[in-house]
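Student: Order-wise, the sequence lines are chains A and B. For the first sequence, our numbering gives the first residue as 94, with consecutive numbering after it. For the second sequence, our numbering gives the first residue as 56, with consecutive numbering after it.
Read the hints as simulated data drawn from the structure, not as lab findings. Heads up, some of the hints might be wrong.
Said to hold, decoys possible - Straight-line distance between alpha carbons at most 30 Å, and here's what the computed DSS-like set of lysine-lysine pairs gives:
#, chain 1, residue 1, chain 2, residue 2
1, B, Lys66, B, Lys112
2, A, Lys158, A, Lys115
3, B, Lys66, A, Lys115
4, B, Lys126, B, Lys112
5, A, Lys150, A, Lys102
6, A, Lys102, B, Lys112
7, B, Lys112, A, Lys158
8, A, Lys115, B, Lys112
9, A, Lys199, A, Lys102
10, A, Lys108, A, Lys187
11, B, Lys112, A, Lys187
12, B, Lys66, A, Lys102
13, A, Lys115, A, Lys187
14, A, Lys187, A, Lys150
15, A, Lys150, B, Lys66
16, A, Lys158, A, Lys187
Unchecked claim - With the Cβ distance kept under 7 Å, some of the chain B side facing chain A (calculated, not the full set):
#, residue
17, Asp62
18, Pro63
19, Ala108
20, Thr157
21, Pro162
Beta carbons: idealized from backbone N, C-alpha and C, even for Gly.
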Amino acid sequence: AQRVTQPEKLLSVFKGAPVELKCNYSYSGSPELFWYVQYSRQRLQLLLRHISRESIKGFTADLNKGETSFHLKKPFAQEEDSAMYYCALDNAGKSTFGDGTTLTVKP
Amino acid sequence: DTGVSQDPRHKITKRGQNVTFRCDPISEHNRLYWYRQTLGQGPEFLTYFQNEAQLEKSRLLSDRFSAERPKGSFSTLEIQRTEQGDSAMYLCASSFTGFADTQYFGPGTRLTVL
């Protein structure tokens, strides 16, 4: 069975500090992993996915198959990054989400 | 096209009643997904369609839940004989089939069962 774990429910950093949101997964095949973000009063939206190897809004995420992790990182957090972040794993259309991490960036 | 839409946005019902929710996906999207989300948890997969075919259904879904997408466009999710445990946000998403296709989410329907 596939499972996604986000060990931190809450994460608080100061503006300009580095931030790392942790995501660990359990899956027997080759995973397709995503990070979704939900800003206040907005709908859930894709932030980035591992196959694109892209940086969105300064965020990057590297898939580490040895550690079964897909942590989200940003070197300098901004106040507008405050949101709920979800890590998700997709298996042929069936997606499994973690329970999310609420990131607060303090001024 | 303003994205995925869901109707109603809020529904309050009494235990034992049936409820039906509607989702209108982005027009060119052939995949449509339903999720349930309770407070403090991430979205939980319920089912998904490719065109009108229901390809996957969660084993967590009881027989009281049914979903349809009759013409491969909009979809409905029906819950029969609602229970208080059904209270949750029901999310719909759509995507266009591709490798690691991006899902676009609707605003959700919040169900409260009294």
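Student: Indicate, hint by hint, whether the structure satisfies it.
Tutor: Quick rundown of the hints versus the structure:
no. : hint                  : verdict
1   : Lys66(B) x Lys112(B)  : holds (24 Å)
2   : Lys158(A) x Lys115(A) : holds (14 Å)
3   : Lys66(B) x Lys115(A)  : violated (35 Å)
4   : Lys126(B) x Lys112(B) : holds (19 Å)
5   : Lys150(A) x Lys102(A) : holds (22 Å)
6   : Lys102(A) x Lys112(B) : holds (28 Å)
7   : Lys112(B) x Lys158(A) : holds (28 Å)
8   : Lys115(A) x Lys112(B) : holds (29 Å)
9   : Lys199(A) x Lys102(A) : holds (17 Å)
10  : Lys108(A) x Lys187(A) : violated (36 Å)
11  : Lys112(B) x Lys187(A) : holds (9 Å)
12  : Lys66(B) x Lys102(A)  : holds (28 Å)
13  : Lys115(A) x Lys187(A) : holds (22 Å)
14  : Lys187(A) x Lys150(A) : holds (27 Å)
15  : Lys150(A) x Lys66(B)  : violated (35 Å)
16  : Lys158(A) x Lys187(A) : holds (20 Å)
17  : Asp62                 : violated (15 Å)
18  : Pro63                 : violated (16 Å)
19  : Ala108                : violated (11 Å)
20  : Thr157                : holds (5 Å)
21  : Pro162                : holds (5 Å)
Violated hints, in rising order: 3, 10, 15, 17, 18 and 19; the structure is consistent with all others.
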